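Chains A and B, in that order, give the protein sequences.
Just so we're aligned, residue 174 is where the first sequence starts under our numbering, counting upward by one.
Just so we're aligned, residue 133 is where the second sequence starts under our numbering, counting upward by one.
The set of hints was computed from the structure by calculation and includes no laboratory data.
Given the structure is predicted, the values throughout are model-derived calculations rather than measurements.
Using N, Cα and C, we set each Cβ at its ideal position, and we do this for glycine too.
Heads up, some of the hints might be wrong.
To list a few chain B residues with every Cβ distance to chain A over 12 Å, as calculated [to be verified]:
1) E137
2) K144
3) R170
4) Y176
5) N195
SDA-like mimics (lysine to any residue), calculated; alpha carbons at most 25 Å apart, straight line [as the list claims (entries may be wrong)]:
6) A:K232 with B:L177
7) A:K232 with B:R135
8) B:K203 with A:D251
9) A:K232 with B:E207
10) A:K232 with B:I163
11) A:K240 with A:H192
12) A:K232 with A:I247
Label pairs and their calculated CB-CB ranges [stated by the list, open to error]:
13) A:T243 with B:S166: 23 to 33 Å
14) B:T202 with A:D205: 46 to 56 Å
15) B:A199 with A:P317: 31 to 41 Å
Residues per chain are reported as follows:
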Amino acid sequence: MRLYLEPSVLVKLFKKEDHSTKMIDLIATVDDEKDWFACTSRWSLLEITRALRKDRKPKELIELDLKELTRHRITFLDVTRPIITESERLVASRDLYASDALHTATYASARKPRKLEAMLSDDTHFRRLGTVIKIITLEEAQLP
Amino acid sequence: MVRMEVVSVSAKLSKREAILLEKLTREYGFISKSEAIRSAVRLYLNLLELRPKDRLRMLQLINEMIAPGTKTSSELIDEVHREDDSS
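Model the full structure from these sequences, guided by the hints.
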């Protein structure tokens, strides 16, 4: 399976909550299985940092969490000028948050070249984008 | 006789960290603060050398023990997005 990881599922790696163990299993699958691929925007690192800060994690732990993320086979896609332009268009036309638009535009730009099958998101996030891009939840993701 | 090669590493601690180190060195019966730090470094390096999946599991546990949050990942990310939008 080839997935774009939206930041809320990545934050799950550092919290004990519904499906957080499955998220660890999914990353382990990406690490081990050749036909699995995962990517996200480099911007996600900032959102994850802010979310962990809001969750009152100490600085040293946040730094360790971020370093851990980059030790796995997750590809971090650059925020390019065309992605910003497409994000602007999405914010103006669909009334999205800037970050949601950026992830949508990044997914759209990587979908063909990276052969992405879906964006992995939790059950509440990105539901409103269901008509624009294919969303699957951790509950729906089938691991080998 | 096996001679172990050693290197010295110095580190600056804040006053609060130095007091905590002093206290824990006493409480845990380390022979010195250096020994307490060596032990902490070994433990940390062991954690970073775990298999990737085990490392993630341990890190999740450490996050939960050190700073258990009440909000879900989804709520936290949603708040982050609302910050962008709050102006």
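Okay, the hints, checked on the actual structure:
1. E137: holds, 28 Å
2. K144: holds, 15 Å
3. R170: Consistent with the label, R170 (chain B) stays out of reach of chain A, its closest Cβ about 19 Å off (over 12 Å).
4. Y176: Answer for Y176 (chain B): violated, closest chain A Cβ roughly 9 Å.
5. N195: Its Cβ does come within 12 Å of chain A, the nearest being 4 Å, so this is violated.
6. A:K232 with B:L177: Given pair K232 (chain A), L177 (chain B) holds - Cα atoms ~19 Å apart, limit 25 Å.
7. A:K232 with B:R135: violated, 38 Å
8. B:K203 with A:D251: Not satisfied, since the Cα-Cα distance of roughly 29 Å exceeds 25 Å.
9. A:K232 with B:E207: holds, 21 Å
10. A:K232 with B:I163: Roughly 29 Å between the alpha carbons, so the hint for K232 (chain A) and I163 (chain B) is violated.
11. A:K240 with A:H192: holds, 22 Å
12. A:K232 with A:I247: holds, 23 Å
13. A:T243 with B:S166: 23 to 33 Å: The hint (23 to 33 Å, Cβ to Cβ) holds, given that T243 (chain A) and S166 (chain B) are roughly 31 Å apart.
14. B:T202 with A:D205: 46 to 56 Å: violated, 34 Å
15. B:A199 with A:P317: 31 to 41 Å: holds, 33 Å
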